[in-house]
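Take the sequence shown: its position 3, counted from the start at 1, is 3 in the working numbering, and no numbers get skipped.
Treat the hints as calculated values from the structure; they're not laboratory data.
If you're wondering where the values come from, they're calculated on a predicted model, not measured in any experiment.
Any given hint might turn out to be false.
Label-pair ranges, simulated between beta-carbon atoms [to be verified]:
| id | residue 1 | residue 2 | range |
| --- | --- | --- | --- |
| 1 | 42 | 5 | 25 to 35 Å |
| 2 | 162 | 202 | 46 to 56 Å |
| 3 | 191 | 133 | 15 to 25 Å |
| 4 | 46 | 228 | 32 to 42 Å |
| 5 | 25 | 303 | 31 to 41 Å |
| 6 | 287 | 13 | 45 to 55 Å |
| 7 | 11 | 32 | 19 to 29 Å |
| 8 | 231 | 334 | 37 to 47 Å |
| 9 | 230 | 259 | 12 to 22 Å |
| 10 | 322 | 202 | 32 to 42 Å |
Glycine is no exception: its CB is placed at the ideal position from the N, C-alpha and C atoms.
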Amino acid sequence: MNQAPLVSNQEKQAVWEAYRRREPVRVPVLLATNPRIILLDPRLNTKRYTFEQYFQDAKVMLDVQLQHAHYRATVLHRYTDDPVGLPDVWQVYTDRQNVYETAFFGAPIIYREGQVPDTLPILDDDHKESIFEQDISDPTKQGFFKESLDLCLRMKELAQGIEFEGRPVRVANYAPTGTDGCLTVGICLRGERLLSDLLVDPDYANRLMGFITQAAINRVYAFRRYWGDESLGVGLADDSVQLISTRTYREMILPHHRRFYDTFLPDKPRGIHLCGDATRHFVTLRDELNVQSFDTGFPVDFGKLRRELGPDVEIMGGPPVADLLHGTPESVYEKSKQILLSGIKEGGRFILREGNNLPPCTPVENLEAMYRACLDYGTY
Numbered sequence: 001m002n003q004a005p006l007v008s009n010q011e012k013q014a015v016w017e018a019y020r021r022r023e024p025v026r027v028p029v030l031l032a033t034n035p036r037i038i039l040l041d042p043r044l045n046t047k048r049y050t051f052e053q054y055f056q057d058a059k060v061m062l063d064v065q066l067q068h069a070h071y072r073a074t075v076l077h078r079y080t081d082d083p084v085g086l087p088d089v090w091q092v093y094t095d096r097q098n099v100y101e102t103a104f105f106g107a108p109i110i111y112r113e114g115q116v117p118d119t120l121p122i123l124d125d126d127h128k129e130s131i132f133e134q135d136i137s138d139p140t141k142q143g144f145f146k147e148s149l150d151l152c153l154r155m156k157e158l159a160q161g162i163e164f165e166g167r168p169v170r171v172a173n174y175a176p177t178g179t180d181g182c183l184t185v186g187i188c189l190r191g192e193r194l195l196s197d198l199l200v201d202p203d204y205a206n207r208l209m210g211f212i213t214q215a216a217i218n219r220v221y222a223f224r225r226y227w228g229d230e231s232l233g234v235g236l237a238d239d240s241v242q243l244i245s246t247r248t249y250r251e252m253i254l255p256h257h258r259r260f261y262d263t264f265l266p267d268k269p270r271g272i273h274l275c276g277d278a279t280r281h282f283v284t285l286r287d288e289l290n291v292q293s294f295d296t297g298f299p300v301d302f303g304k305l306r307r308e309l310g311p312d313v314e315i316m317g318g319p320p321v322a323d324l325l326h327g328t329p330e331s332v333y334e335k336s337k338q339i340l341l342s343g344i345k346e347g348g349r350f351i352l353r354e355g356n357n358l359p360p361c362t363p364v365e366n367l368e369a370m371y372r373a374c375l376d377y378g379t380y
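From just these sequences and the hints, can you work out the full model?
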């Protein structure tokens, strides 16, 4: 698997530097991955670790994290504009996937075979008010986030003084300063009932989403204090907005998103991650919330999206992950070519990537096809 890169480090660096200067020479390519590509791929998970072991055992998490970082550096670098070669320092982190917010609120974590961890709803009609009794003032001192900090500190102890492939290992400070969004977290906690609440009990829906948003704000402040680092950035996603109309988004969800953004990014351009069929909301997000960078999933009509958002908005996206997982190199190449020739490159603010987050067991031949299509059709 350790083949020569398709593009040299110098070329890759030049692509990124030109992109950031707004003088692009080629569309950059990246791949978003996380350790599930190791844990859920029998070819790579030779020690047969489970997600439950990974979540609970600092040594297992460190081992899997290093394997993931090594796989990116020795295999996936060939198909992205990541640097060629091993890093000077292995950067690993405390991974809580997408359950961190709901687990903090008390939702039980479940581990289904062949899947990432998930949580179960806890706010049925008889208990829907119980969440407001929870102390959200400082999550570093209690519950799931305290447990996650303890796990991080154990990982730091294990990594102290060790080397992997001749390089030192550094465990990042655990700092969950993003949010999966008030609607998405709310649905995870309340189930599909929250969608009905938006119509028949909007007062409760607003209180719940406001509470979730306030908890996210408090969490950012708390982790900045804990690590003594005011520079810790923030991020916002809310994939469940694909389930509602733009009118409902404007009336019920946008105010909560605005509060989170305005707290930490006043008068600054913002970015958002939105998987699924959510592009109908993008113009609203641009105009109302000054979102200037969109990380997309699928389905996306890239030419239409560029025409709607204009040349100055950053868009990230590419072939749907199902195409990368199940398609042929020929079909992936053609899909990538279509995207690149759709008009999405206008303005030089497009990054080609999987749409969205690389699935386990994706054939590397399909990743090479996407990258080659960009080398052929992504130039300016």
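Structure versus earlier hints, numbers of those that do not hold, lowest first: 5 and 6
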